[in-house]
Amino acid sequence: MTPPTGAAGEGRRPGVVAAAALAQTLLAANALLVLLPIGFMVLSSLKATREIFQRPFALPVVPRWQNYAEVWGAAHFAVYFRNSLIVTVASMALILVTGTLAAYALGRYRFRGNDLIFLFFLSGIMVPIRLAIIPLFIMMRDLRLLDTVWSLILVYAASGLPSAIFILTGFFRTLPPELDNAARIDGAGELGILITVLLPLVRPALAIVTVYNIIPIWNDFFFPLVFIHQDRLKTLPLGLTVFFGEFQTNWALLFAGLTLAAAPVLALYVVMSQQFIKGLTAGAIKG
Amino acid sequence: MRRQIWALLTGVALLAALWPAGAMGQARSPMTFWSWRGEDRAFYEGMIKKFEAQNPGVSIQFQTFKPTEYNTVLSAAMQAGKGPDIVHLRAYGALQPFARPEFLVPLDDKVPELKTFARQWLDGARSQADRKVYGVPFAVQALVIFYNKKLLRQAGVEAPRPAWTWDQFLAALRTLKDHSITPLANGGKEGWTLEVAMGVLGPNFYGGTNFYEAVTRGQTTFKSPQFTGALAKLAEIRPYMPQGFMGVSYTDMQQLFINEQAAMFVGGIWELGYFLSQNASLDIGIMPGPVARPGDTPWISSYDDGNYGVNAKTPHMAEALKFIRFTATREWGQAFTDQLKQISAVPGVEVRDPLLKQVVGWMRHATPYIMLVGFRWKNPTGSELIQNDLQGLFAGRLTPQQVGEDVTRGLASWFAPFKGQ
Amino acid sequence: MAGVAVGTRARSAPRRVPYRIARGLWIAAFLAPALLLFSAFVAYPIMTAMAYSLYRWDGIVRGGWAGTANFRRLFGQYPYSERMLVAFWHNAWTFVLTMIIQNGLGMLFATLLAAGGWGARVYRAIFFMPVVLSLVVVGFLWELFLNPVWGAVNKLLALAGLGALARPWLGDPHTALVTLILVNAWRWVGFPTIVFLAGIQAIPDEYLEAARLDGAGSGAIFRRIVLPLLAPQVNIIVILTFIGAFNWFELPYVMQGVTGEPYHATDVLGLLFYRAAFGAVDTGNPDVGVGSAIAVVMFALILLTSGLGALYLRQREAEA
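Chains as they are written, first to last, in the numbering used here: chain F, 1 to 287; chain H, 1 to 421; chain V, 1 to 320.
I should point out that these hints are in silico values taken from the structure, not numbers from a laboratory. For glycine and all other residues, C-beta sits at the position ideal for the given N, C-alpha and C.
Coverage of chain H stretches by chain F, computed from C-beta distances (three or more under 8 Å per stretch; other residues unrestricted):
id, segment
1, 31 to 38
2, 272 to 283
Some chain H residues flagged as far from chain V (calculated, every beta-carbon gap over 12 Å):
id, residue
3, E113
4, Q226
5, P294
6, F326
The task is simple: from the sequences and hints, build the whole structure.
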C-alpha cells in the first residue's frame, strides 16, 4: 500500500504517522469491502448460473457475453431504462421543489400550527407505505392513473416528502434570521428571499435529500409491480423480476441485467461525485 | 460548476423525454393471463399460440409476476376489479381469499371435464365456504428423494429397490459420509424446505393418511407420540446434511445436487425438469421416503399445486371459459407433463418419462401433504408454525415434543378441536 | 387548506397589515403543493389502511365493524402476542447496533477523510457506492459470501486460523440478526459518512486553529468543537436511523424471507406487518385486520418516540 503522506497537515511525530497508517488501513479495508462485491456482480454476470455456484470466486471459464445480449433482448432494456429515468427524475424534481417550499415555510416562519404541520408530514415515514397499497391501487384506478408513469411519480414524490421536509426544515432553521430581514429591507419578496438568499445556503441539504431518496426510487420494484402491467411502461427493476421463478431463478441473466441497471447510476455517480460532494459541503451552516 | 450539473440534468431529462419508445408494436391483447411461474413461460406461450390458432380473433397475453409478491399484486387488482381474465391460483388455504363468486367464476357447471378429475385434487380448488370448485387443478406434486446414481456407486451403496427401511437409509448416508461425499443436499435456511423434508420422511412414521384423518377430525393432536416420534426420526438426518446446513438455502441445495456435490436431495418432484436442464449428464434415481419396517408400503405426500381460474368480472367470459376448458383437456395435460416433466392433474395423461412414471405408480399410496392440505385455512397456518419450529428443531433450540406443543398451541387459536388441549 | 387559516394568525412582530396578510398567503402557497401531494398520496391512503384494523375481514373482503377485536387478537392471541414482542426487541436492537456500528464508523470515516491524506477523494466516492446497488445484488452477494459451503467468509476465517469461528452466519439463530445488521451497515455507512463529512468541512478553520493554539489535543478538539457543531447532522442521522430501524423491511425480506428466518431470529415489525396483511407467499393467509393493527401500533410507537424527539431537537435548533 502506498505510504500515507502526512495526513492532517502537520504530522511529523511517529505517533501521528502511525495513526495515519492506521487510518489508511481502515479506509483501504472498507474500500476493498465495497469494491469486491461490485466486482463479483460483474464477474457473475459473465457466467452460467451453474458456474456461479460451482466457482463463485473464480474468473469465468469462458466469459458469456451472450448473457448481456440475451438480457437486452428478453427484457426491453432501452425502454425500461427510459421509464426508470423519467420516473426517477420527475419524482425527485417534485420532492425537491415542493419539499423546499414547504420546509421554507416551516423553517423560516413562526405561525400557529407550524409544529403540527411538521409532525403531520413527519408521520408519513412512521409506517411502511406498502401498508397503503390497496387504498392506493383503488385511488389510482379512480384517477385513471393505473398503467401510467404518473402513478409511480406521485407515490414516490409523496412518500419522499416527509424525509425531505424533515432534513430541509432542520437546515433552514440553522440559518441566521438576519439574512431574510436584510433581504426584506432591500425589498426582496418572500419567494425571492428563498431563491436568491437561502437556496444557495441549503444546497448541502438538497444534496442529502437527493441522495437519501433517489436510489430507493431507482431500485424499487414493488410499486411498478402493482401499478404497471404494460410492458412498454415497465421500469428497470420491474423488468428484471422476470428472471425470478418460483423454483428456478436465472441468476446469470439476472446479474447481467443488474449490472446493466447499476452501470449508468454508478457511472453517473463517479462522474458527478466531485460536484456532488462540493454541493454537500458548499454554503455555510456556520451558525 | 453548478450550471454544468443543471445542464447535464436537463440534458438527461430531455433525452429521456424524447427517446423513442422503440418498436414495441401495439400488440393488442384483449385477454390477460397472470401467473407466478416465470420459469414455465415457454410452455404457456406455446399452448396459448395453439389456442389462438384454433380460435381466430382471440389473443391472450401471458404475464408473470415475482412469485413472492404475486398474492399481493393479485389481491390489490382483484379488490379493485382490475384483475386478469385468466388467473393462475394457488391451492387449498391460499386459494380461499379469492374463491368467492364476486372474484372468480365457479366452474362446476362450466367445465364438464372437471367431473373426471380425481376428488383429492379438486379439493385443492374448492372453496371452504360454498364447496364450489373455482379452478382447474394444473399440477400434482409428490414429495420424494432424488439420488445421484454415480455418487452412490462410488461409495458402494446399492440403489434402493422399491424402498429402503429407515436403518438402511441411515446406513447408506453413513457410508456416503465415510467416503467424503456430502450425503444430503438439504439445508435449513429456508423453513419450507424443512417442511418438505418432513413431508417426505414423516408420513411413514406418523402413519400417513390414518394420522391425517385422525388429526383433521380432532381425534388426536400434533403432541401425540406418533407425530413427535416422526419428528425425532427426521432430526436423525442432521449429521448427514452439509456442513453448516442451517445456512444452506434452497438455491444452494439445488446447486449442490446439480453440481454433484451432494448425493441426495429430499424434495418435490417438480425439481426433476430443472435438475436435468441444468446438468444433462446427471444420472438421477428417485425413491420414496424410507419405511419404518421392512415390507411396509411407503406413503407419498401429495397435493394439488394450484389451479387456473376465470375472473368473474372478465368482459371476455365466453373466450376465457373456452380457454379454461382447454386447460382441462388431455391435450393440455399431456403437453404439460411432457414439456415440464411434472405430473398434470388431468386424468388419463400418459406419463412417458420413466422416473416420473415410477412416482405416479407410488402415488397409489398417496397421503395428503399434511399442513398444506389440512391446516393452511387460517392464521397461524400449520405450515407457518412448523416451518419455523423445524428450524428450531434443526438448530437444536427445540425438542420434537416442544415442536408438537407449539404447533398444537398455535393451531388451537382457530382449529376448535385443539382448544384446551 | 390548513395553511391559510394558521398563516393569517401569525404571532410575529407587529407590521403593516397588508404584509401580515400577504405573509399568510405566502406561507399557505409554500405549504399547499406539498400538503396536497402528501395528503392525497400518503396520508389519506395510510389512514384508510389503518382504519382497516377496526373491521372484520373475510380473506380480502371487508366485513362488519370489529371494534378493538383485531387489537385484542394482536396482543392476546398466541402466536401474534409473542411475535410482536420478539420483533419489537429485534427492531430496538437493530437501532442500537446500527447507531454504534454504522454511524460510529460513519463518524470515524468522516473524521479521517476530513483530515485529507492519501486518496481521500477516491475513498469518499467509493464508500457511497453500495447504496447505489440494488438490494437484490446486496442480498445475493452477501448470501454467497456468508454461505457455509462455498462462502468466502468462513474460508478466510479458516485461513486466518480461526476456523473454529466458522458458522452458518445467516442460518444460525444466534448470529443471523447481527449479521444482517452488519450487511445493512455495509450498505449504508456511506450515508452518515458523507453527511458528517459535509458538516466537518463546513466548520471554519479558524475555530480549529484557535483551539490548536490553545494546546487542545485532537480528541479534545473533536469533543469540544467538532461534535457540538455537528449537532444538526447528528440529529438528522439519529432520527433517520431510528425511523429506519423501526421500519426495517427490505433487507430482512430479501435475505431471510417474510417470516424472519431462521426460527424468527430476524423477525422485525415490518415483516410481521407484511405477512399478516398480505399473507406469506403460500404458507400463510392474509389477515388484513391484524396486519393493519400492527401498522397502527408501529405508527403510534414511532410517532411518539421520534416525533417528540424531532420536535424537541427542532426547538433546540431554533433556540441555538
